[in-house]
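Residue numbers (the UniProt record's numbering): 1 to 256.
Fair warning: there could be bad hints in the mix.
[Unchecked claim] Here are the simulated distance ranges between beta carbons: (1) Ser228 <-> Thr122: 18 to 26 Å; (2) Ala184 <-> Gln251: 15 to 23 Å; (3) Ser176 <-> Gln251: 19 to 27 Å; (4) Glu247 <-> Ala216: 35 to 43 Å; (5) Arg183 <-> Gln91: 18 to 26 Å.
Note that these hints are calculated values from the structure, not bench results. Every value quoted in this text rests on a predicted model; they were computed, and no experiment measured them. Note that CB positions come from ideal geometry on N, CA and C, so glycine has one too.
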Amino acid sequence: MNETPEGTEPTTGSTPSRRRPAILALAAVAVLLVGVGLGLLIQASLADDSSGEDSPAANSAAVGFAQDMTRHHEQGVEMAAIELEHGTDPQVRSMAFDILTAQSNEIGQMQSWLTRWGQPVTNPGEAMGWMGHGSSTETSGDDHGDMDHGDMDQGGHGSTPAAGAELPAMPGMATSAEMERFRAMRGPEVDTTFLQLMLRHHEGGLHMMEYAANPANVSQPYVRDLASAMERTQDKEIGIIEAMLAERNAQPLPMN
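Build out the structure end to end from the sequences listed, making use of the hints.
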């Protein structure tokens, strides 16, 4: 008899359940901070075994990858935090928590490298310029090398943005307008939109990971190892997200 009818004020007994999303959101922020801190501590300990030859040049692929992937991941973490706070589907929220924890730790690792190398956390140049091209529309839509992730054959994947459309900072990233709309959403719409945004976000970051995992581009093995691990994880998550969208009869967003 303690059930609260829809549209009425919750009773004292139901307040904790209403507060749970906010508590989970706070927990997500705490996980982010812990992940960054742990990454810094772990990499600081590894720095004792490093020589001066380990520090790459400012315009190297290793530095560019750490800077740009940090920025890319930061938006992914924010998306996951929004889903944890406002999403309604336990399965989707569970994936969001996994993404938030994994990418928070990876951000910590990459930022610690940049600190150790004496490089800024933010890329002062053109995004993805270290790959031989920037994040222009000519390369962001279809230029994914030899990757075979199945992400260009569905629902308009790979199409270029319309003329005059706002461009993202890097391929796959949500625009400021998309993020503003996502932050304001409530209910089941949050879950579907999160899956759509995160699928495109994952796909957009794969090229950077693939490039940094190549010994021909990056000489630091620990950087290559992290890039390779990221690629494997996100490739797997792409398949899961695609299945979740299919279950909801929702289409993937076109690559931007």
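Task: Those earlier numbered hints the structure runs against, lowest number first - done: none
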